[in-house]
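S.K.: Put chain B on the given structure of chain A with help from the hints.
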Amino acid sequence: MSWQPSATLDAIRVRADVYHQIRAFFYERGVLEVETPALGSSTATDPLLKSLQVDLEVSPEQSPVLYLQTSPEFPMKRLLASGSGSIYQICKTFRSGEVGGRHNPEFTMLEWYRAGMDLWALMDEVVALIQRVLDDGRSVESLSYADAFARYLEIDPFCCDLESLNALCVSRCGWSGQALARDDALDLLISTVIEPHLGNNCMTLLHSYPASQASLAQVMTDDKGRLVAQRCELYLDGLEIANAYEELLDESEQRQRFLADNEKRDEIGSFDIPLDERLLQAMASGLPDCSGVALGLDRLLMIKLGAKDISEVIAFPFHIS
Amino acid sequence: MANFSTNEFRSGLKVMLDGDPCSIIDNEFVKPGKGQAFNRVKLRNLKSGRVWERTFKSGESLEGADVMEYDMEYLYNDGEFWHFMMTDGSFEQHAADEKAVADAVKWLKEQDVYVVTLYNGAPLSVTAPNFVELEVIETDPGLKGDTAQGGSKPAKFSTGAVVNVPLFVNVGEKLRIDTRTGEYVSRAKSE
Chain A
1 MSWQPSATLD AIRVRADVYH QIRAFFYERG VLEVETPALG SSTATDPLLK
51 SLQVDLEVSP EQSPVLYLQT SPEFPMKRLL ASGSGSIYQI CKTFRSGEVG
101 GRHNPEFTML EWYRAGMDLW ALMDEVVALI QRVLDDGRSV ESLSYADAFA
151 RYLEIDPFCC DLESLNALCV SRCGWSGQAL ARDDALDLLI STVIEPHLGN
201 NCMTLLHSYP ASQASLAQVM TDDKGRLVAQ RCELYLDGLE IANAYEELLD
251 ESEQRQRFLA DNEKRDEIGS FDIPLDERLL QAMASGLPDC SGVALGLDRL
301 LMIKLGAKDI SEVIAFPFHI S
Chain B
1001 MANFSTNEFR SGLKVMLDGD PCSIIDNEFV KPGKGQAFNR VKLRNLKSGR
1051 VWERTFKSGE SLEGADVMEY DMEYLYNDGE FWHFMMTDGS FEQHAADEKA
1101 VADAVKWLKE QDVYVVTLYN GAPLSVTAPN FVELEVIETD PGLKGDTAQG
1151 GSKPAKFSTG AVVNVPLFVN VGEKLRIDTR TGEYVSRAKS E
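So the sequences go chain by chain: A and B.
Residue numbers for the first sequence follow this note's numbering, beginning at 1 and rising by one.
Residue numbers for the second sequence follow this note's numbering, beginning at 1001 and rising by one.
Don't take every hint at face value.
[Unchecked claim] In the SDA-like style, the derived pairs of lysine to any residue whose C-alpha atoms are separated by at most 25 Å in a straight line are: (1) B:1057 with A:101; (2) A:50 with A:286; (3) B:1057 with A:266; (4) B:1057 with B:1076; (5) A:50 with B:1060; (6) A:50 with B:1010; (7) A:308 with B:1010; (8) B:1057 with A:97; (9) B:1057 with A:105; (10) B:1057 with A:248; (11) A:50 with B:1007; (12) B:1047 with A:177; (13) B:1042 with B:1180.
No lab work stands behind these hints, which were simulated from the structure alone.
One chain only, chain A, in its complex shape:
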């Protein structure tokens, strides 16, 4: 049984240096570092995210089941609604069942929210931060979800019929199971065929996702009349690094999305997530116009160190924790 870390001491030092750079970056820009709970009475409702549940011995008024956060989004938005202004946090986040060369169930997120900035202004800042950390002169390219599918699969992901999407999953992704639902098919195609091409020796900003994949982002109609999410993902060397939104501000629409997620959870036999009423009240009280981004720091370190596996940048991944 090995007790040593899977990351080298050099990788551990580079992580410390990068954290220092990040803190300096935000200090210069007047963004406040905050700390919010990793344990919460609610969590993400996304049917495809599995939160770790914790049994806590508490008073009868308090829910006995708490969740380890998949992201600090909800409490950070409550801070924004209280007038915190722009804030950032470096924290551990947890996702059950996500294990692989690029996934550890416990990983480090850098998440920040910019009051008064739209999505593209925030992406400029994300790019600036990454340029500071990597310092490798990468150029930046911007590509819409639709254009990415047109370029690498020669289809329109908004109009292509489900049967053709499934046929592509079979021919290009080794899928041999039952017909996939639309977003699942798009997910398989994007991760198998498209992602390996994104961010090769550059930074690729993939934007304008289908509205069905908006999560907590605003939805708008683009110039082709399609309903798209104000969402942008950043890729480096085929690796998904950051996910940014122009944040949804409307409390009743957020509530509808949470309820719709729970319905989907029922359909797939998963348990309901209790709605985060405190977040919804904060939104009802008023979130400032803001954009937010979640950036996987372990993955950014993998790029910086040229690592092929996430265990090279994490001292003790879960299997040797």
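M.R.: Coordinates of chain B only, in the frame set by chain A:
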């Protein structure tokens, strides 16, 4: 047999796929941001030897395959089957057909030990050890002193295998052969 879910897939795990027993070679977890997770799996079909690449939704499961590997001593060949005996003291015998023995047939020497893979209790394949020591039964005479580099001649062995050997080798000599490459290594160590 028990079912295995994608997050239990490890290299070497034996599972059933499309009715054939397969061995998992590689398992890649793939998940786009906030989307459906998939596992892209490479498997070797243990019947055909072909490598398959298949994608599963994370959390799906496959039936485990009853595939076990055992050390067995080669006994004899009755013209239709090759007979092996377990070396674990049980004296249990198994009969392997031509398909199971396949290429290993040219390395089978009575009383030597081989790895026999059983599928549902019946021999699926036979694997020779990396090195075997076999006796030359037929080859052109070796000239004494002909140890110069280069130059080889074919030699036939007791098992029927034909391997290129150095010119100095004579009939009756025992040689060490690498079964993975089919090449001469050296004179037998046990001589």
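S.K.: Run every hint past the structure and note whether it holds.
M.R.: Hint-by-hint comparison with the structure:
| no. | hint | verdict |
| --- | --- | --- |
| 1 | B:1057 with A:101 | holds (17 Å) |
| 2 | A:50 with A:286 | violated (29 Å) |
| 3 | B:1057 with A:266 | holds (18 Å) |
| 4 | B:1057 with B:1076 | violated (47 Å) |
| 5 | A:50 with B:1060 | holds (15 Å) |
| 6 | A:50 with B:1010 | holds (22 Å) |
| 7 | A:308 with B:1010 | holds (19 Å) |
| 8 | B:1057 with A:97 | holds (12 Å) |
| 9 | B:1057 with A:105 | holds (18 Å) |
| 10 | B:1057 with A:248 | violated (30 Å) |
| 11 | A:50 with B:1007 | holds (14 Å) |
| 12 | B:1047 with A:177 | holds (22 Å) |
| 13 | B:1042 with B:1180 | holds (23 Å) |
When the structure is compared with the earlier hints, violations turn up for hints 2, 4, 10 and for no others.
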